[in-house]
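Let the sequences and hints guide you as you build the complete structure.
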Amino acid sequence: MSVKPMVKIEVLGTGCAKCRRLVKNVEKAVADLGIDAEIIKVEDITAIMDRGVMLTPGLIVDGELKVSGRVADVNELKEILQG
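Quick note: this note's numbering has the sequence shown finishing at residue 85, numbered continuously throughout.
Be careful, since some hints might not be right.
[Stated by the list, open to error] As a list, the in silico BS3-like pairs of lysine-lysine whose alpha-carbon atoms are at most 30 angstroms apart:
| no. | residue 1 | residue 2 |
| --- | --- | --- |
| 1 | K30 | K68 |
| 2 | K20 | K80 |
| 3 | K43 | K10 |
| 4 | K43 | K20 |
These aren't lab readings, by the way, just hints derived from the structure by calculation.
What follows is the structure, encoded as structure tokens:
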């Protein structure tokens, strides 16, 4: 049985209500799936724009932009994380 590497999840946003909701949804999806994940909140606007995100909140999983400009629900996040 192979062990999956830790998933790196970045939530990009300035701390607004939508951004906080996306963080909560990500935390729930990770917990529901029981995966090993590092969740990083990126709130610096320059760092967000450097990642190519113009609309927040944004979600990057293992370096790949998955969601931008909206809050993904828990079920969608589970699908994204299961790849």
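Here is how each hint holds up against the structure:
1. Distance hint between K30 and K68 is fulfilled; the C-alpha atoms sit about 17 angstroms from each other, no more than 30 angstroms.
2. For the hint linking K20 to K80, the alpha-carbon distance of about 18 angstroms falls within 30 angstroms, and the restraint holds.
3. Restraint check for K43 and K10: satisfied, since their Cα atoms lie roughly 11 angstroms apart, inside the 30 angstroms limit.
4. With a C-alpha separation of about 13 angstroms, the suggested pair K43 and K20 falls inside the 30 angstroms cut-off, and the hint holds.
Consistency with the previously given hints is maintained throughout, with no hint failing.
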